[in-house]
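*Asks:* Hints given; two lone chains; assemble the complex.
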Amino acid sequence: MKSNYTSYPEGYRRVMRDIIPFYMRPVKDMLMRLLLTILTDG
Amino acid sequence: MNSKELKAQRVQLFRDAENFRKTERIPHFANAVTWKIFDAGHTLDEAMTDFDLMEKCVLHFLDKYPIDAILDVGIRNQFNVTEAFGEGGYYYYNSEVIGIHDHAHCTVETLQEYMDDPVRYAWEKILPEKYGESWEKKDKAVWKKTFKEYIRYIMFILHMAKVMDRYGLPGLSPNNPMKGAVVPAVESLMSDLLGIQQLSVAMRRSPDLLDAFIERWEKERMEPIYEKIRASKGPDYKYCFDSSILMLAHNTMNKKQFERFYWPYLKKLLDTYAEKGLNIRIFTEGSILRFAEYFRDYPKGLLTFHLEQDDPFEFRQALPNVAIMGGMTTDLLSNGTPEECVAYAKRLCDELGRDGGFIFSENKMLSYRNDARSENMKAVCDFVSEYRI
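Sequences listed follow chains A and B, in order.
Following our numbering from start to finish, the first sequence increments by one per residue and tops out at 42.
Following our numbering from start to finish, the second sequence increments by one per residue and tops out at 389.
In short, the hints are calculated from the structure, not lab data.
Honestly, I wouldn't trust all of these hints.
Think about it this way: if two alpha-carbon atoms lie no more than 25 angstroms apart in a straight line, the pair counts; the simulated DSS-like pairs of lysine-lysine are [said to hold, decoys possible]:
#, chain 1, residue 1, chain 2, residue 2
1, B, Lys-145, A, Lys-2
2, B, Lys-148, B, Lys-137
3, B, Lys-276, B, Lys-228
4, A, Lys-28, B, Lys-276
5, A, Lys-28, B, Lys-267
6, B, Lys-125, A, Lys-2
7, A, Lys-28, B, Lys-144
8, A, Lys-2, B, Lys-140
9, B, Lys-144, A, Lys-2
10, A, Lys-2, B, Lys-148
11, B, Lys-228, A, Lys-28
12, A, Lys-28, B, Lys-125
13, B, Lys-137, A, Lys-2
14, B, Lys-228, B, Lys-267
According to the in silico footprint, chain B covers these stretches of chain A (three or more CB under 8 angstroms from chain B) [claimed, not checked]:
#, region
15, 17-27
16, 34-41
Every residue gets a Cβ at the ideal spot worked out from N, C-alpha and C, and that includes glycine.
So that you can see chain B by itself, here it is in the shape it has in the complex (with noise of 0.2 angstroms):
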């Protein structure tokens, strides 16, 4: 079978397991991210700025993994372009550790002005904010000097979308950096234009000024998506999914507030996609088993949550008609041993895939030097990669 071929196997395998239909075997997608530098003996700080490295880093992990997809093939947690810009940022990194402090673009009042022109609110605002006196000095040569990174950048993607290609190995979905992702308007408010913080205290104190702004970003960044979606001639078998989606700001809601802000908009969106019969993956970040009511009435096939922090045979129970993607624990990844892996993998994949409906994952992005260990890594892989339902 040559790589077109497997990738296209591929894809068929995670559709029928979206889809509840009954799979020969349980695909795997691996959710590793940064883990991927430390398993081939580097540092974080050595590879997040070379790409050489990091495609090494990449191809040590797909030569020793048996996996069907990948989240990630170094494109992620890039720091080239914002270094030959200067100093500055809200993602940081060493050796060991790579994190985002809280910010904020916006107050709850500067939203409408964001909404008015972000290149200008950007231009006068965040970058001045962001790059303090160093912003005055910005000529020229910075600008070109960091153009040219963001170019080598977008090179590094398509090369490593090559690299895919080669091992056949299908892409997520349609939604990746160079095309936009479809991001519902409270996920951009807690990710970056009010942050978590202040998200928090405008639901109880500017509740109004909220609503005027998620309602200007549905009809603004939203409502040409819904008309991508009226448009699309069905699933995109390209891919294993045909949108994803990152859910978090619930986990700061009560069920007032994810009724008022979240869940009107959420639903439209998802009637959307279900209309054309789409699959969708969820990462539900943090635990959805709260908010399991309101996704019961949905087909079997439009859903798939990538469960973080929920137990997975209790959301089955709860949500038999939502595909789970995940399940294997990076807990026991990084403390149990390659035994004990194995067979907590055979129960997942017993259980919860033996009529379709599971894709086995991590649950957290493997993102850290102890979030598996490489030989219960090696175990479970091999097992999920070789086992029969």
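Here chain A stands alone, though its shape is the one from the complex (with noise of 0.2 angstroms):
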């Protein structure tokens, strides 16, 4: 079944909102960013 975390920006939003814990949202985008360097290998 195709999952709800594969389309932009909805299914970005939805790992920002879902995954990243709350005491860490001051810094959810940086996190993310560097996460997605990680995965791209970029």
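*Replies:* So this is what it looks like as structure tokens:
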């Protein structure tokens, strides 16, 4: 079954909202960008 | 001397060497990466995803070899995060080998689209292509597992920074995976955006598209870095250097291409560092001697080139204003005797470091089992740490 997390920007927003704990919200954008860098081997 | 004082003393030693000030001894920056794992009696596949074992391998190295700083404390080449996300990856490893497949996130035509929105591009192009059909199945559980591994990785980085402090080992430079490195446009083009093959072709067939991309990279990615450099208060003595840059793409260029795609932008970066009197290390992978003329006018102290394939004695003749890091070849560490290795280390220290301007290091990242023999590494580290000029 297709995941709800694969489209952009909806999937991206869902990951930001559902995955990153509340107390990390102030740096969530940085965390996601760095995670994406690892996942894309960028 | 406690570890804090030892760290400060080592930083001073590096900074003196970079600035061509005579030092009592030559500092040793260990260019050691995954070789540490083999030396500790393990294989790559055992340690790559096991932080506890990786730390043991690092400690084994630090306890055995007297050095002044080290490139990696087990935080490079980490696979937990990508493996949690699923199969597929440009990096690969087995028990003996770690490597990377040449890959490209863009074509020369889609570079602007990447720049328009890198996150969107990653989401819509890179990740679907990398993970194929399984991308569509990356659900909440997969993302959660991956994020958990990512946080574990960050905690490991922070933990190993404390280990470095305990051993009085300074970091290379403020550039690190958490803060973001300074990457010239052509290096990003070569390492992942276009790859070696596409970049080589694009320099011949689509130079105008490359120009447009590089100009935009300069404006959007480099200008904020220039601003930070201009705002700096001078050298930061928490680190061996104020910045570390990697140069590899020049190896694929002739001089005309270097002058068009690389040098104007690198010059701007170096000039900005020079304005603030900072100390910069450039890991010149491959050979840089072909381009020596471009670096002749910089004052002593700005540049330290970590040489890979260039002969350090020839380099000193060509660029007496640039400090040298490196010199010790993995070829000798792997195939020579301890006596031969020490004799060569002594020659390096005597001929290159008598008046400052030399940091002892290995010419290649020690990565594979046969990059060095333990007894040679031990003999060289003991010698360099004890030798007084």
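*Asks:* Next step is simple, just say for each hint if it's right about the structure.
*Replies:* How the hints compare with the structure:
no. : hint                     : verdict
1   : Lys-145/B with Lys-2/A   : holds, 18 angstroms
2   : Lys-148/B with Lys-137/B : holds, 18 angstroms
3   : Lys-276/B with Lys-228/B : holds, 11 angstroms
4   : Lys-28/A with Lys-276/B  : violated, 33 angstroms
5   : Lys-28/A with Lys-267/B  : violated, 35 angstroms
6   : Lys-125/B with Lys-2/A   : holds, 17 angstroms
7   : Lys-28/A with Lys-144/B  : holds, 14 angstroms
8   : Lys-2/A with Lys-140/B   : holds, 12 angstroms
9   : Lys-144/B with Lys-2/A   : holds, 17 angstroms
10  : Lys-2/A with Lys-148/B   : holds, 23 angstroms
11  : Lys-228/B with Lys-28/A  : holds, 23 angstroms
12  : Lys-28/A with Lys-125/B  : holds, 22 angstroms
13  : Lys-137/B with Lys-2/A   : holds, 6 angstroms
14  : Lys-228/B with Lys-267/B : holds, 17 angstroms
15  : 17-27                    : holds (count 3)
16  : 34-41                    : holds (count 7)
Violated hints, in rising order: 4 and 5; the structure is consistent with all others.
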